[in-house]
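Residue numbers (the numbering used here): 4 to 119.
Check before you lean on any hint, since a few could be wrong.
[Said to hold, decoys possible] Quick list of simulated restraints, FRET-style, between CB atoms:
| id | residue 1 | residue 2 | range |
| --- | --- | --- | --- |
| 1 | Gly80 | Asp15 | 34 to 44 Å |
| 2 | Asp60 | Asp6 | 21 to 31 Å |
| 3 | Gly97 | Asp15 | 31 to 41 Å |
| 4 | Asn12 | Thr79 | 27 to 37 Å |
| 5 | Asp6 | Asp52 | 36 to 46 Å |
| 6 | Lys83 | Pro31 | 34 to 44 Å |
| 7 | Trp8 | Asn86 | 26 to 36 Å |
| 8 | Thr79 | Val113 | 11 to 21 Å |
| 9 | Ser59 | Ala10 | 34 to 44 Å |
| 10 | Pro49 | Asn12 | 15 to 25 Å |
| 11 | Asp52 | Ala118 | 32 to 42 Å |
| 12 | Arg21 | Trp57 | 11 to 21 Å |
| 13 | Trp8 | Arg87 | 10 to 20 Å |
| 14 | Glu56 | Gly95 | 18 to 28 Å |
Since the hints were derived computationally from the structure, they do not count as laboratory data. These numbers were taken from a predicted model, which means no experiment stands behind them. Idealized CB from N, CA, C, for every residue including glycine.
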Amino acid sequence: MSDGWTAGNANDDAADTRGWLVGHFIDPSQGVRASKDVEVKWANHPAGDKRPEWTSDDQRTTLVMLVSGEFRVEVTGGGKIMNRQGDYVMWGPGVDHSWEALADSVVLTVRWPSAT
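Using the sequences plus the hints, can you model the full thing?
Encoded structure:
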């Protein structure tokens, strides 16, 4: 890390924060990774990994993008199976969601603002 910028590996750097690489919960000593504006997660999900309960009443905007694999996201009113690199699901405040890895998957999640 240097003044105003950083570089690293998402798998390594987010290992102790459940995949979250950027957000309000990152120690300020990590520099620009500590942010109240946005959260970024790099997640490796083995096939069958899922969030059986729905996240409800989250008041942030969320983008989930498939890097590799096959991943399903269910949201209030619908859902999408992502199986092509770059497929994404995005939703706004108040939309409930759940997810499941249908195959070994890597997904990138961006959420804003970062909840405190």
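Results for each hint:
Hint check: glycine 80 to aspartate 15, Cβ distance near 37 Å, so the stated range 34 to 44 Å holds. For aspartate 60 paired with aspartate 6, a C-beta distance near 39 Å fails the hint of 21 to 31 Å. A hinted range of 31 to 41 Å holds for the C-beta pair glycine 97 and aspartate 15, which are about 34 Å apart. A C-beta distance of roughly 35 Å is found between asparagine 12 and threonine 79, which places it inside the suggested range of 27 to 37 Å.
The given range of 36 to 46 Å is respected by aspartate 6 and aspartate 52, whose C-beta atoms sit roughly 38 Å from each other. Checked against the given bound of 34 to 44 Å, the beta carbons of lysine 83 and proline 31, roughly 36 Å apart, stay inside it. Under the hint 26 to 36 Å, the C-beta atoms of tryptophan 8 and asparagine 86, about 34 Å apart, fit the expected range. At roughly 19 Å, the beta-carbon separation of threonine 79 and valine 113 lies within the given 11 to 21 Å, and the hint holds.
Taking the beta carbon of each, serine 59 and alanine 10 are about 36 Å apart, inside 34 to 44 Å as hinted. At about 19 Å, the beta-carbon gap between proline 49 and asparagine 12 stays in the expected band of 15 to 25 Å. Distance hint check for aspartate 52 and alanine 118: the Cβ-Cβ separation is about 23 Å, which falls outside the suggested range of 32 to 42 Å. Checking the proposed 11 to 21 Å range against arginine 21 and tryptophan 57 shows it holds: the Cβ atoms sit about 18 Å from each other.
Here the CB-CB span from tryptophan 8 to arginine 87 is close to 32 Å, at odds with the stated 10 to 20 Å. For glutamate 56 and glycine 95, the hinted distance range of 18 to 28 Å is satisfied, since their beta carbons lie about 20 Å from each other.
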